[in-house]
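K.L.:
Using the sequences and the hints given, assemble the complete structure.
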Amino acid sequence: VRAMRGEFDAVIAPYHDVGMTAIKVASFGSAVNVTLGLPFPRTSPDHGTALDIAGLNRADPSSMIAATLLCASIVARCQSRGGRRPPADRPTGTRSSARPSRAR
Numbered sequence: 049v050r051a052m053r054g055e056f057d058a059v060i061a062p063y064h065d066v067g068m069t070a071i072k073v074a075s076f077g078s079a080v081n082v083t084l085g086l087p088f089p090r091t092s093p094d095h096g097t098a099l100d101i102a103g104l105n106r107a108d109p110s111s112m113i114a115a116t117l118l119c120a121s122i123v124a125r126c127q128s129r130g131g132r133r134p135p136a137d138r139p140t141g142t143r144s145s146a147r148p149s150r151a152r
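Heads up, my numbering is the position in the sequence shown plus 48, with the first residue counted as 1.
Bear in mind the hints are in silico, worked out from the structure with no lab data behind them. All of these numbers come straight from a predicted model, not from anything done at the bench. Ideal placement from N, C-alpha and C gives every residue a C-beta, glycine not left out. A couple of the hints might just be wrong.
[Unchecked claim] Cβ pair distances, simulated, as ranges:
#: 1; residue 1: L104; residue 2: R125; range: 32 to 40 Å
#: 2; residue 1: D57; residue 2: G85; range: 12 to 20 Å
#: 3; residue 1: D108; residue 2: T69; range: 16 to 24 Å
P.N.:
This is the structure:
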């Protein structure tokens, strides 16, 4: 609820389906999904493929545009640092569930 009031810039969810469910309820069509911990920037729109409306000129591109712009801004920030990632003592986030940690 506090995030929906604008008190935070981002919300981190423990699992993809938990976060996406909340995002779709709160702001479907304008949110962006960001996967942290990868060696490259990865953003995606908050919607699925919407094959049921493909070719009907009914799709709203807002979330795709927002995801593309956010990804471009992440790349620009990395390039402004000479392509370097943040130091290891300043983690950028948690690993994606699709790519579990190899630490034992």
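K.L.:
Work down the list of hints and note, for each, if the structure agrees.
P.N.:
Status of the hints after comparison with the structure:
1. L104 x R125: 32 to 40 Å: holds, 37 Å
2. D57 x G85: 12 to 20 Å: holds, 18 Å
3. D108 x T69: 16 to 24 Å: This hint holds: roughly 19 Å between Cβ atoms.
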